[in-house]
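> Go ahead and model the full structure; you've got the sequences and the hints to work with.
Protein chains: 4
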Amino acid sequence: MAGNSFGDLFRITTFGESHGKAIGVVIDGFPAGIEINEELIHQDLQRRRPGQSKFTTQRKETEDFQILSGIFEGKSIGSPIAVTIPNADARSKDYAHLEKSFRPSHADFTYEAKYGHRDHRGGGRSSARETAARVVAGSFAKMLLGQVGIEIVAYVSSVANINATVDNKKVSLAEVEKSLVRCPDEEASSEMEQLINSVRKEGDTVGGIVSCVVKNVPAGLGEPVFDKLHADLGKAMLSINAVKGFEIGSGFASTKMKGSEHNDAFTSEGGKIVTETNNSGGVQGGISNGMNITFNVAFKPVATIMSDQKSVNSEGTETTVAGKGRHDPCVVPRAVPIVEAMAAIVLVDHYLRNKTQQVG
Amino acid sequence: MAGNSFGDLFRITTFGESHGKAIGVVIDGFPAGIEINEELIHQDLQRRRPGQSKFTTQRKETEDFQILSGIFEGKSIGSPIAVTIPNADARSKDYAHLEKSFRPSHADFTYEAKYGHRDHRGGGRSSARETAARVVAGSFAKMLLGQVGIEIVAYVSSVANINATVDNKKVSLAEVEKSLVRCPDEEASSEMEQLINSVRKEGDTVGGIVSCVVKNVPAGLGEPVFDKLHADLGKAMLSINAVKGFEIGSGFASTKMKGSEHNDAFTSEGGKIVTETNNSGGVQGGISNGMNITFNVAFKPVATIMSDQKSVNSEGTETTVAGKGRHDPCVVPRAVPIVEAMAAIVLVDHYLRNKTQQVG
Amino acid sequence: MAGNSFGDLFRITTFGESHGKAIGVVIDGFPAGIEINEELIHQDLQRRRPGQSKFTTQRKETEDFQILSGIFEGKSIGSPIAVTIPNADARSKDYAHLEKSFRPSHADFTYEAKYGHRDHRGGGRSSARETAARVVAGSFAKMLLGQVGIEIVAYVSSVANINATVDNKKVSLAEVEKSLVRCPDEEASSEMEQLINSVRKEGDTVGGIVSCVVKNVPAGLGEPVFDKLHADLGKAMLSINAVKGFEIGSGFASTKMKGSEHNDAFTSEGGKIVTETNNSGGVQGGISNGMNITFNVAFKPVATIMSDQKSVNSEGTETTVAGKGRHDPCVVPRAVPIVEAMAAIVLVDHYLRNKTQQVG
Amino acid sequence: MAGNSFGDLFRITTFGESHGKAIGVVIDGFPAGIEINEELIHQDLQRRRPGQSKFTTQRKETEDFQILSGIFEGKSIGSPIAVTIPNADARSKDYAHLEKSFRPSHADFTYEAKYGHRDHRGGGRSSARETAARVVAGSFAKMLLGQVGIEIVAYVSSVANINATVDNKKVSLAEVEKSLVRCPDEEASSEMEQLINSVRKEGDTVGGIVSCVVKNVPAGLGEPVFDKLHADLGKAMLSINAVKGFEIGSGFASTKMKGSEHNDAFTSEGGKIVTETNNSGGVQGGISNGMNITFNVAFKPVATIMSDQKSVNSEGTETTVAGKGRHDPCVVPRAVPIVEAMAAIVLVDHYLRNKTQQVG
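Protein chains in written order, with the numbering used here: chain A, 1 to 360; chain B, 1 to 360; chain C, 1 to 360; chain D, 1 to 360.
Be careful, since some hints might not be right.
To be verified - With a straight-line Cα cutoff of 27 Å, these simulated DSSO-like cross-link-like pairs (lysine-lysine) come out:
no., chain 1, residue 1, chain 2, residue 2
1, D, K75, B, K355
2, D, K100, C, K272
3, B, K215, D, K355
4, A, K272, A, K169
What the hints assert, rightly or not - Which stretches of chain D does chain B cover? Using the computed rule of at least three CB atoms under 8 Å from a CB of chain B, they are:
no., region
5, 23-35
6, 142-151
Worth flagging that the hints you see were computed from the coordinates, not collected in a lab.
Where is the CB? At the ideal position from N, CA and C, for every residue including glycine.
Structure follows, in structure tokens:
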């Protein structure tokens, strides 16, 4: 109710502020008997980690994590899985100057308005540090999806005005990870690198789009009215820090199309009912139709920049927020595993929900 | 869990298929003592109703509704408000030819895959008829919002390639309702009318965008992590039939901006902390900041067109779906009150949730 | 959140006041493809109905009900099932004298304290009339349980100091229904009849216990920590009007036993693991163990009596509440189908929840 | 959904197995600005701790706990509070003999049936060790209740056939804590001590009743239909290990009473509406009426005894479970703080819920 949980049957609850003792997640509803792959958690955390390359903030987040419960002899036992990640590199004093002033387009002001009392250090609970806990939960979700054959690939499809050309049917994790910016179009990838580099030197930031494709989804996942599969995917993505938009399949472009162009004709392919086009993005009437699920997530330029900015303090007096501390010129490369994680969490939840729709 | 409810503290549950006896809604969590305005429900249903103009399907939906519970002597009593709307004009035989074939880009195939047994008439539960129940719930939500001063205005901002120019600070319901297509930019409105008319003659359909602005929202609404205010608004909108995308504030355009351009500087205006620009769309860190909340909702062209379409039947054999029945060339004008309704429901829910964040 | 819904995966929401237009229920999460038995609903409603015999209030409640949605060609389709029951015999004027005074041990005072504005007629939302909606939902739950072989039998095991002797392994619905007071022990049944008759003549009321046995439950239903099967059964029963206590298996008597007497030894019977005794009441560690589930529900004497009673009005001034209107000398015979209904609802919910604990 | 969370607006999620790395709890929905009293947590944990006296198991549970999040400068900040308690004294080898056999009246068999794969050491997730996490959450709940003046006192009212006489209006925590068995009736307390001592020597166990009184509750807490205050209290108590029954106010005794004796007459006392008797136990129609809330909780004799017991193993073959390991002859003295904790959690949840019933 206070918004720190997500999912119904597969339900995660995250906790922790960026400069507290630890962050973490409790995963409830993870079925028993699933083999645990700790290496996957390490990999996914590493992919999200700041400081992996010059394009990302130099804060050294540790990848240490500790699984406290829910696993016995390498397999899940059906009880909640709690994982903590210590906050190793918490330089609170970097934030002392922010105790009473509100950074533009951060959550400082709104938290103050909502709670009265807040942890101002590094954004506290509003920090993107929280997404590390989501990534861990996502790794667990992927272990289950792997067992039923569902695969998720996310990648950077644009940075500012540089757009990649990617074939959703063929794109693979390996291809994505070859690129420093996680864009599987080599040419676009190199242009993006250059742009981010120059933006970083300016002390500025830039936005971009992460695209995602989910493969081998059985038809039937998603609930028909409010919990449509793409509505839950949309909420999941919009809950990630810095996300301003979400679209499924043809998305905003569909608003410019006619029905006769947009409709996906059904046909039969090797005994399986498929559609000739996929403007639906794999979801029709809120329920998966067996085609690839495809969606895009819009990230704004991150708010922390290196120049001084005009602001006010808690008394409403004008002040200046100085540009210092660590700084991430473009968040989308690191956002790729976060998008994957939230997609995996939604898919597992709906996979489990769908098991209850018919008896016997 | 089966997805027919929405909201936490203000919780609506809708029911009913398009060709069953009735549709309806149960609203739970409506506080006691609110004056009930039945006229508002009539107006909102009338605005959503098919057949209001030549641009909308000629099916004559009744605006009759019956409030069964929850009201005593003109005021709410805190118990659930149940409302039913009979299905008066249910011409089931129009749909006999669809019993075994799947209309392209409808939910026929996915419902069959999910449930095995389905009501094929008019889409059954997947029909947009369900949104009438949402509109009723939205009218109740507006009664509460009216009492605390929050106002919602939605309008059509584009149809295909025709884009309106609208000032979100000034736009009003009255202005919107002057236009047949609910676009408050007169010139764009008349172009949209012409386009929809010509598309209708072709037996085709076209998509568009509904924009929405929420005014006088206090700072502090929204929960910080998963239930960010814009994440819940996004889910609410994506759950509406035919919606393919959602964006808050600067949305997808933000991906092309730099942080230095995008950040909303804080300033003080008559003792109130405000931002100079509003790229945030009134929400920062998932919590309202007191500025207007602004968002866009992308509607695809509706799938029912008047030409024959290639498809398959439940056995996977190729077949043709004939273009007959009633047909709505452009859904966005009628979608305006639905967007308002879902926005109102989200706002009331978060208004109530926020009352529990501090004690005393 | 406002407490008008029950269950997680099988979720019912009831609505309606005793003297409003109708009461009803929306059932969400009923799986598709279940055959609907309307006759069972009629029977169960008839068993709960006031006025079935001289032992129950003479208010003539109608057994009419209307299924508005969720069924197509005699089977469920997976969408919500809404059922309404009109309030036919609503003699509001009987309650005019109660508009401002609080009946002792009713909910008049607490509703006034909570909501400020209330429907005082017949208790409004607090009336036991609401339980008719539960009975309808219970009938649907029984249809599903029937399909998987689970059977529920409830009966009156005591009225005041008259205790029945009943063998839980053998008791059947047919046997229970032979008795006017729904007690399958003939001798006790006839004593109970006499007692209730004499209490009725005094204008007084008397309490009693309803016992329930659930047969053929597979091992594994129930969640381990907070949603233990008997915890959910307990909540379900305690939510019924006039219930003051709940116990599972050995219940309060267990507090007087030693562990060596109380423990249920495991043994093997025809290849199935069973227990020699059943002090556990079929539930161990919150999870069904395959033995009969047995529990008792304590009903206080109903509060409406025919003598004048001391009370206060809303201003706190002393007043007298006159004993008039209709009156039910002992509620337990009519409570039997309500206990069955709530048990069925809990069982279906946990049956569906258990389907998600293992993958594949 | 998997049952490891409790509460709606004040929501706790516990995790951890008895012989894993740690147990813990995440508390979501704790309002901001509440002063944190760590000493209270220490005290409450100490009162629950095994090994406090010769009457309780000699396992040395640590009272160490670590607050990982949600607190800043000594006050809550509205974000989730995560607390871990390490499992210091986990002698797994004590349980090696139980890997394949099922202890009578424990959860070994039902967990095996439900999950297939389980942690057999010390009961794993089913161990009463989990209740330490509840006690911590309860301490936080008490901090909030203290701020609004609500007070909770629980005590042992019976052990086997020894019944205490206690005046609920006067009983205090100090008085309870004077007694080794937490029974504020000195004479009964000393008899209970003797009985428990003799049972311990026999290697046997014995049950008992914990009574609880909640003072200074404002009228209006509780939701009217399914989430009645006593229904939620009942579920909370029934979810505690070894609990077999719950009753509110007059409870099972009410079944033997007449309405004319049982009804609580209203009267006025210093301008406040009160009842002359309190058979209702402070709750009418599911909502608090401002009188003391009083209820009883029945605990069975714990299942671990020192004699050999007949059982079967996972193949269904007959076997003997040896009586060894640590052993708690009577759990009710240690259960007192657990009952308090669960009561506090329910009260806070409903206190917050009630804030949303009226607007303005």
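> Does each hint fit the structure? Answer for all of them.
Hint check results:
no., hint, verdict
1, K75/D <-> K355/B, "holds (19 Å)"
2, K100/D <-> K272/C, "holds (16 Å)"
3, K215/B <-> K355/D, "holds (25 Å)"
4, K272/A <-> K169/A, "holds (17 Å)"
5, 23-35, "holds (count 5)"
6, 142-151, "holds (count 3)"
Every hint from the earlier list agrees with this structure, and none is contradicted.
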